[in-house]
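Reassemble the complex: the two chains are provided individually, in unrelated frames, and hints are given to aid placement.
The chain contents come next:
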Amino acid sequence: MLEKLVFQGLIGLSFSMYLWLLAAGLTLVFGVLGVLNFAHGSFFMLGAYAAFTFYEKLGINFFLSILLSLVSVGIIGVIFERLFLRKIYNLDLPYQLILTFGFILIFDDLVKMIWGGVAMIPPMPSFLEGNLSILGRPYPFYNLFIIIAGLAVAFLLWITLEKTWWGRMIRASASDREMAGAIGVNIPFLFTTVFVFSAMLAALGGALGTPVRVVAPGIGTAMIIQAFVITVIGGLGNLKGAFVGALIVGILTSFGILLFPVFELFIIFVVMTIVLLIKPEGLFGK
Amino acid sequence: MTKLKPLLLIALILLLLLIPALGGKYILYMAIHILILSVFALGFNLLLGYTGLLSFGQAGFFAVGAYASAKILLVIPSLLLGVIGGAIAGGIAALILGYLCVRHTRIYFSMLTLSFGMMIYSLAWKWRDVTGGDDGLVGIPRAPFDIPWILSVNMTPMENYYYFVLVISLLSIFFLYRLVNSPFGLTLKGIRDSENRVAYAGISIRTYRLLSFTIAGLYAGLAGSFLPPLESTVTPPIAHWTHSAEPVMVTLLGGIHTFSGPIVGSILFYIIKDIIVRYTQYWLILFGSIVILLVLVFRGGVVIFFTERIWPMLSRRSPPP
Chain S
1 MLEKLVFQGL
11 IGLSFSMYLW
21 LLAAGLTLVF
31 GVLGVLNFAH
41 GSFFMLGAYA
51 AFTFYEKLGI
61 NFFLSILLSL
71 VSVGIIGVIF
81 ERLFLRKIYN
91 LDLPYQLILT
101 FGFILIFDDL
111 VKMIWGGVAM
121 IPPMPSFLEG
131 NLSILGRPYP
141 FYNLFIIIAG
151 LAVAFLLWIT
161 LEKTWWGRMI
171 RASASDREMA
181 GAIGVNIPFL
191 FTTVFVFSAM
201 LAALGGALGT
211 PVRVVAPGIG
221 TAMIIQAFVI
231 TVIGGLGNLK
241 GAFVGALIVG
251 ILTSFGILLF
261 PVFELFIIFV
271 VMTIVLLIKP
281 EGLFGK
Chain B
1001 MTKLKPLLLI
1011 ALILLLLLIP
1021 ALGGKYILYM
1031 AIHILILSVF
1041 ALGFNLLLGY
1051 TGLLSFGQAG
1061 FFAVGAYASA
1071 KILLVIPSLL
1081 LGVIGGAIAG
1091 GIAALILGYL
1101 CVRHTRIYFS
1111 MLTLSFGMMI
1121 YSLAWKWRDV
1131 TGGDDGLVGI
1141 PRAPFDIPWI
1151 LSVNMTPMEN
1161 YYYFVLVISL
1171 LSIFFLYRLV
1181 NSPFGLTLKG
1191 IRDSENRVAY
1201 AGISIRTYRL
1211 LSFTIAGLYA
1221 GLAGSFLPPL
1231 ESTVTPPIAH
1241 WTHSAEPVMV
1251 TLLGGIHTFS
1261 GPIVGSILFY
1271 IIKDIIVRYT
1281 QYWLILFGSI
1291 VILLVLVFRG
1301 GVVIFFTERI
1311 WPMLSRRSPP
1321 P
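Chains S and B, in that order, give the protein sequences. Residue numbering for the first sequence follows our numbering, starting at 1 and increasing by one per position. Residue numbering for the second sequence follows our numbering, starting at 1001 and increasing by one per position.
Here chain B stands alone, though its shape is the one from the complex (with noise of 0.2 angstroms):
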């Protein structure tokens, strides 16, 4: 397995690259879509998965992160000024509710999170003046990528806009992978694991808690910024917190203990919605019924499910020597 993660790594970001020559324009609407909430939800599970806290209110930061972005989009249209935008709102707003947050662990902590998360909903919802309240912004331009000087790629092809999201959204990933596995991601493991043991080893818990807190609103900011351009618009169900749901559910699905979990949760759940939509508008119905089987039957996640259990089967005849 460990020889053929790299070649299938490859395989995978091959793939990603040849979906415009594949596929029609619903299949790259629905691959940003992915690609989206693969980020919002890799971002959620550093804190979950990795520092074992879980947030209801990611929806809040992912909200912020868009708003932040069409609002720019709208004055200034450039597209990469809108998406660094969303993602340092998103940071600094997850830094300064963060500083409260991380005072509380376990459900205490959960509550917190939905609490702030429902504020900045009421905020998108009734603060007409600046959030277009249930109207939301409309007219968001997809605004060319643009450096001064250098180059300016037309976004309008929704081609070019997915390489766009693509690229940004594996600069991240990759940068979040590092992050996880270094020093940093050891200590915020560490915390998750045995609190106490990391408080004597003379580590600021709290610092530890508030930094991981911030990078997921990084994230979720990153990919709320991604999504005004795609849809031209805002609206405040984006930070409902049914919404918030959507990052907690694909990451149970793929695995938190897995680092490709939240990813593969991702896809998984947009190809069960569109298999699931052909055949009946009530689509929530069976993934309802997929999400209380993934509780009762694979907890571990698909990921895990696939690796101990599948991949075992498959190589056996092959012992490890």
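Extracted from the complex, chain S is given alone in its bound form (with noise of 0.2 angstroms):
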């Protein structure tokens, strides 16, 4: 029983990184913009349509794909910025909302009328394919790859943050836009950068995702919850706590699948409401 609950837990831990790369991104984009994203998902979801076309459709190089694909949401996300986002900073709360969820309501659309409604799997690249063998039982070296990459990722946005110009930048208009503005920062300029930055992780975690996952219009609602739950278990703006959360939320997914398979969606929704009554800023909030 023992070695099933840690092979679960590490199949867990790959479904993990996939929500850490969406959380991060939602998470950047409240603490530094103020703006709770519910389109984020989408461009999870055009992550994966986009490297579904390149690899599958158009025969690119898998590595390739996932970097046309990045390219390609970037440059929705600098649209999306510039035109509509830009424009409710400073709108209430529900207003945000509906207005990001105007544009899921769009993108989910618009990819039915492109891709079809269908749900599709590219085949995987074969020098990933295989499995290892852990505890005697086959795990799929793909998810070895997602580990790393989802750790690297991590890794790299640490770094990008504690030691980068940028990234001191944008810690500083996070903790006070206003001042980081008198004192010279290009406010307008710097959040285009941090949301385009967070709508590629968030592709990047679609596009890792499509040789495994299905590729279907309604992945972006599916997951955009999910990562509404981490950042709040985490902290809403916090990234350290987006990582922490979306491993507890991806390992107890899969826990509760083998478990508890009727209320394992439900579980996740018991963690998030008792985080929020009892330290609503969340686990690692101030």
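Honestly, the hints are just simulated from the structure, not real lab data. Just so it is clear, CB atoms sit at the ideal spot from N, CA and C, and this is done for glycine as well. There could be a bad hint or two in this list.
[Claimed, not checked] Examples of chain S residues lying across from chain B (beta carbon under 8 angstroms, computed): (1) TYR95; (2) ILE106; (3) ILE114; (4) ILE225; (5) LEU259; (6) PHE263.
In structure tokens, the structure reads:
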């Protein structure tokens, strides 16, 4: 039984990494721009569709496809931030949520229009196929690849925020937007870069998932709620919290499927509710 | 405008009563859906517009009402009992969960309601013995409107069911209208505008928020209870968070600071949907664009836009004394 649990935990760990890539951007945008972006899951979906198209339809190399997918979603992100999101930074929460919800409707239907409503899975790139043997069970090599990729992103993100000029500007404007602007940080430009970067992180999650997870119109809305749960558990706007939250939600989901198949989705929301009631600022909030 | 209001209201109610004579089955079906969404959204706006709390889990209470009424109707074929049971179930669920939700305001309140709504969704989806799982509950009868020894009206014809929904909706709308214009409604608005002042006046803010939340849940439950007899099934998606976004959208569309906003928004929602669907199955692209335009341009909602911009323009020739 213990072996089974450990193994299931490892499966959950790789699922956590997709969640982490999505939640990282969501919490970054909330922390810096102050907007809770419902449409963030749509970037995950668009990333998956773009990667699918480049890789499966156009036959481009797997990694190049992912890169091209990030660039495509990045461009959509620039347009999205410059034309729309910028206008709602100072609005009340209902308006922010509904504007971004409007984009979910648009992106979902656009995807159906372009790619059709059916779910698709492209074949695995051959060099990532195969299984490892962990605890005597076959563990897909691709899952290990995802875990490494997720950890690498976490590490790079930490270095970027702590050690680079851009990271310092982000932290400065997250803690005091007006003061950062007063001392010469170009806030509007910074916001665009943060938003585009976050959209690309979500797209990376979507793109990396294409060979193992379905590419279908609803994946954005399914993922965004889990990302909300994660950011709430970890603390809204808190990156470290998002990472830990993603681990909690991913592994709990994976155990839940094994132990309480009926209440697997329920458990996540129980955890979210408990955190909100006891420590609403999140596990890692101030 | 104020003199015209009662006249407009009477004309509107007459029109609503005449709909079965004017339109076919499809129009009636649409009208019932508009009434359901109106009641749902009006209850929601008691929370958002009057109390200042954005709930993103109202679909949960809607579903509690729908499942409760379906369960009742499957056992006891009495429409009134189903609807009352649904409304009460929605209200009780809101009272219990609301007790926890009203501890927070702003984004944390929204997240808590989202969380509870999704818990109800996952129960509806997975608790197969009670809810039928993803198949839902099927074969729910449109039972007669039955008051023992007094009267019994057959509800199978769509017109009859329409009148039933219409009368109960109008009564509940009237009750809510009286409520928001009572001292209770004023207290809620006071809490929305200045929490601390109301607290200094010795009023328990949490109690009022909880009452508002419970009434909103009651209305969501009532709206939900109308659905099973109409469709003869209930399925889990009605509890999903994307369904919770519907009252938010129509309320913002009509305007949160007017009583009639959610009703006008519901009517527009179905009219817009109906028109676009005739041309393209991808109606959500256009509807999403309308929602975005609404947030960026007509933020007060359609009702305010009409009463403050269009109406003064039309009546400019006779300036008020």
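Using the nearest Cβ pair, does S/PHE263 come within less than 8 angstroms of chain B? Since the shortest Cβ distance to chain B is 6 angstroms, the answer is holds.
Holds or violated: is there a CB of chain B closer than 8 angstroms to the CB of S/ILE106? 4 angstroms, holds
Would the hint on S/ILE114 stand, with a C-beta cut-off of 8 angstroms toward chain B? 10 angstroms, violated
Would you settle whether the hint for S/LEU259 is holds or violated, based on the nearest Cβ-Cβ distance to chain B being less than 8 angstroms? 14 angstroms, violated
With chain B as the partner, please determine if S/ILE225 meets the hint condition of a C-beta pair closer than 8 angstroms. Where the cut-off is 8 angstroms and the nearest Cβ of chain B is about 6 angstroms from S/ILE225, the hint holds.
Checking hints one by one. Is S/TYR95 an interface residue toward chain B, by the C-beta closer than 8 angstroms rule? 5 angstroms, holds
The structure shown violates the earlier hints numbered 3 and 5.
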